[in-house]
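Each chain, written out:
Protein chains: 2
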Amino acid sequence: MSDDAVVRPRPEAVVTLRPASGARIEGGFWGARQRVNRDVTIPLGARRIRESGAFANLEAAARGAGGEHRGKVFADSDVYKWLEALAWERGRADSDGLARAYEEAAGLVAAAQAPDGYLHTHTQLTGRERYSDLASSHELYCAGHLMQAAVAGSRALGDDTLLRVAAKFADHLVKDLPADALDGHPEIETALAELYRETGVRPYLDLAARMVTGRGHERLPLKGHHGPGIRQDRVPLRDATTVEGHAVRALYLAAGATDVAAETGDGDLLAALTRQWRDMVATKTYLTGGLGSVWYGEQFGGPHELTPETAYCETCAAVASVQWSWRMLLATGEPGYADLMERTLYNAVLPGLSLGGDRFFYVNALRVRAGANPDDRRAAARGRQDWYGTACCPPNVMRLLSSLGHYLATRSEDGVQLHLYASGTVRAGDVLLEVRTGYPWDGRVEIVVRETPERPWTFSARIPSWADGASVNAEPAEPGYHRIRRAWRPGDRVTLDLAVRPRLTAAVPRLDVARGQVAVERGPLVYCLEQPDHPGVIVDDLCLAATPGLRDGAPIAGLPAEVVPMIARGRIHAHRDEDAGFPYRTAAAPREPEHTGPVDLTFVPYYAWANRGAGPMTIWTPMH
Amino acid sequence: MSDDAVVRPRPEAVVTLRPASGARIEGGFWGARQRVNRDVTIPLGARRIRESGAFANLEAAARGAGGEHRGKVFADSDVYKWLEALAWERGRADSDGLARAYEEAAGLVAAAQAPDGYLHTHTQLTGRERYSDLASSHELYCAGHLMQAAVAGSRALGDDTLLRVAAKFADHLVKDLPADALDGHPEIETALAELYRETGVRPYLDLAARMVTGRGHERLPLKGHHGPGIRQDRVPLRDATTVEGHAVRALYLAAGATDVAAETGDGDLLAALTRQWRDMVATKTYLTGGLGSVWYGEQFGGPHELTPETAYCETCAAVASVQWSWRMLLATGEPGYADLMERTLYNAVLPGLSLGGDRFFYVNALRVRAGANPDDRRAAARGRQDWYGTACCPPNVMRLLSSLGHYLATRSEDGVQLHLYASGTVRAGDVLLEVRTGYPWDGRVEIVVRETPERPWTFSARIPSWADGASVNAEPAEPGYHRIRRAWRPGDRVTLDLAVRPRLTAAVPRLDVARGQVAVERGPLVYCLEQPDHPGVIVDDLCLAATPGLRDGAPIAGLPAEVVPMIARGRIHAHRDEDAGFPYRTAAAPREPEHTGPVDLTFVPYYAWANRGAGPMTIWTPMH
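In order, the protein sequence lines correspond to chains A and B. Add 184 to a position in the first sequence, counting from 1, and you land on the number used in the working numbering. Add 184 to a position in the second sequence, counting from 1, and you land on the number used in the working numbering.
No wet-lab data here; the hints were simulated from the structure. Note that the coordinates shown come from a computational prediction; the quantities given were computed from them, not determined experimentally. Hints may contain errors.
A pair counts as met if it fits within one copy or between any two copies, since identical chains are not told apart.
SDA-like mimics (lysine to any residue), calculated; alpha carbons at most 25 Å apart, straight line [stated by the list, open to error]:
#1 Lys352 x Thr448
#2 Lys256 x Arg760
#3 Lys407 x Arg568
#4 Lys407 x Gly555
#5 Lys407 x Glu235
#6 Lys407 x Thr731
#7 Lys407 x Gly255
#8 Lys256 x Gly408
Extracted from the complex, chain A is given alone in its bound form (with noise of 0.2 Å):
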């Protein structure tokens, strides 16, 4: 287990907790999906890229000659977030088959390059001059996520083919990209600073800062009917009170600003970046951590625009939101960053991917009413895709899928810290750290202490907001981080139990659109109501009754037989004749629906949905 962390501060960084040595997901919830992923998703992605023409765009770039570009404008990233995931999941086990993937991709990408160190094939194919149309053209958004491939290729492998390739281009952009020059589409800081931590090279970090703060000043021409916002370019992220314009833009530019202020040591920074992550947590979050409510620019909406049958939630918004909270709970060590991260993964993350790991969601609705129009593109109701035109979601959720070994723990000056729970190993230092569970399922995490040192240490076991009854040894545990400081002796056992039980949760009341309705969660996830379960009645119509004795359920047919179901006593709202006509009526009051029943009802993990079909779902239920 080499120390190959997915982030890696300096060890000059301003920080308060650094990333652990090395973490292993073993079996478990996570090590299936992991599984799935390595299996499926990762050798269908490159089935699908190669369809693309991604693969043929590098082809011709290695020519040398022009011609036909194939796919977006960015058709480069998906190569290269393909292989960043190929490179962490070589380094969890290597197969001859992951590395002849792995090493004839890398080899093409070094030889797409330029002479002088350029790369992003549809300007080399197409002509156009370089850095010509940094808006729209996404040259250095490519630019950094091969910088990310590289850097992980570098420290899950020991191999710098990337490495090589993107430095020299980064050395490029520090020589000759034009004074001022910013990408529309955010990336390239988050990767300039890695790149930096990765090689030491202070003007990639140097360059990372100089775009970080070169935002905000309406510098990059606008773009259809948006302001300067959609692309983070109306405030100086420094004066930014809250996130704004495009989610996943939004997200990677925080992400690269947090880096810039551990490396730098630039408090400020920090400060504001942390007021905005503040403030998209009270008001512009939807209970999944999904992010971005608004379909038009696929941006942030309003404060508490949250409305669940339009949520955008784009998955790749959820994988840079996980970038971006783990970022900040290495500089802060502050609990609500890993809880952020941890409903992410899993109620915004994993519905981007089917349980068989061959469909996507781009897009992640948290309603779908019964009648959604076919042809509405919007509609989550026509389900699960194959693959998009666009194909950024599923090779992000690729690479952090991959990598995911890496966000459980981290290590301090004073001990070790669990943040997210999975079975398998933690190495921080000369401490190594059995986990055995059954999350999210089980509340039951037992860590067993396999090596140690003699000196006492702390061990840090973030207990979730919602864990309330949780204990440690028994103990009762309040949510945040729960410290046992003593010396330890390999075998020595910590049992958490992080009370996983059903539960009912509701908004406050600035959130309007779950008036009157409440979500059903379990541990750490999301629940749904799905149609398959309610056959002869529509899940628009239904409701929970007030007191709705929610328990957990049998296994259902369809879906893996881990999953638990949660069953509760519900109503059918009736309809009534004049409910047919204009759905307005005068009344003293709200109408209260008339309803019949009781019916059960069942409800099943949101990131579960949509694996037996589309059709109505929905995770706010109306309760009266």
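For this one, chain A is given, so just place chain B on it according to the hints.
Here is chain B on its own, set in the frame of chain A:
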């Protein structure tokens, strides 16, 4: 008062009602709106359209040379709609100024026409091949608006300048338009039908019918991420069960199809349109009558997808809805069509225009929150605008206001029907009625028979669906048409009391976005809470008390003295400290907000909002 109906079925058309020969609004609510339209909006439109380059395009086309085209491909239609408004306005009361403006512009249009009858300045100036990109070019859309202006000029003024241009263009289309040609934006269908009605040239109707029938077979190329439904090309209109896609396009098409059904006696088509209208009203119509809930594609959403804050409700869609419902009313005589027209006129068309007549809303939100991002170009929080780059809405309101009198009344073999109430006179054959009313502020409407034949006939007056407790001549009257058949004498009176009183309105259970909330209405007007009336607290936090004691208030500074505000007892949601963080909490039931209070809430008519600055506003208010 000539027989200048805005829609005039041929004698052989299969319709239940026919337009009154003429109607004139004199004073009162709508008289004031017509005066502002004449004195402010129409002259302002001339300046703005000139500034946009639309006149310059016609001038350049008239010179016969190619050259730069300014503005959008549909810029010509702004001129045509404004000309249509001018024609109706001159029909109401001509002036030298209006006559000069009309003649100059009409002459320019005539001069711009190509020798063979074709006219579309964008195509003429850029040299693009005619009809080569009908999905996007708006060539026939513009032709349709030209035809409507021409019909208005002929009917209102007896002027055939534009009618000759339109007929020549239509002749050209009948002869030379490629078979199966469809415009991406319907409009020409209803225009061709009306041009047929005005000229008797049957091939115009046949072409309209062909276009109505030809739609729905996926012939138009796809656009962006949209399916064929965005342009009503997924399902033949005859088979469709609901409206779908771009709202304005769907509604113009439906209006044209209704014209075709009436003129050809196509009962199946009318039945299909009836089904679609009913589904639209039951599942896709905002309380205001506004239509189109989706920004992306300016389109209808799914059933009950009627989120207040992201309502699109394009002002043009409201105008188009009035046009369609009027045609359905003529075809069927059913009161629901007039109910929707009235609701739409007051609450979806009128909000598109400022009280001063010089500022506009293209999109009409039903809720604006505090803290809306000023960079969010969707935000109604930005307030009304001076004009729009796509300026379809302002001249659409102009032409509807100028011709509004034509929508008040109809006649049949049996008698005369009053559908909408405004002070003025109605001529229907040998019947002349005088109407006096303070409506919508006051529910009393007095109708005086000024001229009548000796034979008995039936007077019908629509009792609005909300008018609980209405009376006619002091006798209780139910919603729908109240009919009085007898022999009438000059001087006879009918007195309606339409029970204009404050009331609360709630939504059916499936309309979840209004859950736990009510709206305030008074007569035909929908009211809203607006920020200027609630200093020191934000509208987002206001709620109605369970016994609100809704009552009329005193006039409000900054609004016209006639506007009756409504006052109710309310409370202010208290913010608990915990509400500052992640906005979801474990709770046994939906969260009942704590509140302080009582406070007085002030509701103003929705059409009058955003005339005292922009800011938070809501039509739906929580109540508990």
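Hint check:
1. Lys352 x Thr448: Cα proximity of lysine 352 and threonine 448: one copy only (24 Å, versus 73 Å across).
2. Lys256 x Arg760: neither (51 Å within a copy, 48 Å between copies)
3. Lys407 x Arg568: between (30 Å within a copy, 21 Å between copies)
4. Lys407 x Gly555: Close across copies (23 Å), not inside one copy (34 Å); limit 25 Å.
5. Lys407 x Glu235: between (30 Å within a copy, 23 Å between copies)
6. Lys407 x Thr731: Cα proximity of lysine 407 and threonine 731: none, with 51 Å in one copy and 49 Å across.
7. Lys407 x Gly255: both (21 Å within a copy, 17 Å between copies)
8. Lys256 x Gly408: Both: 18 Å inside a copy, 14 Å across copies.
When held up to the earlier numbered hints, the structure conflicts with 2, 6 and fits the remainder.
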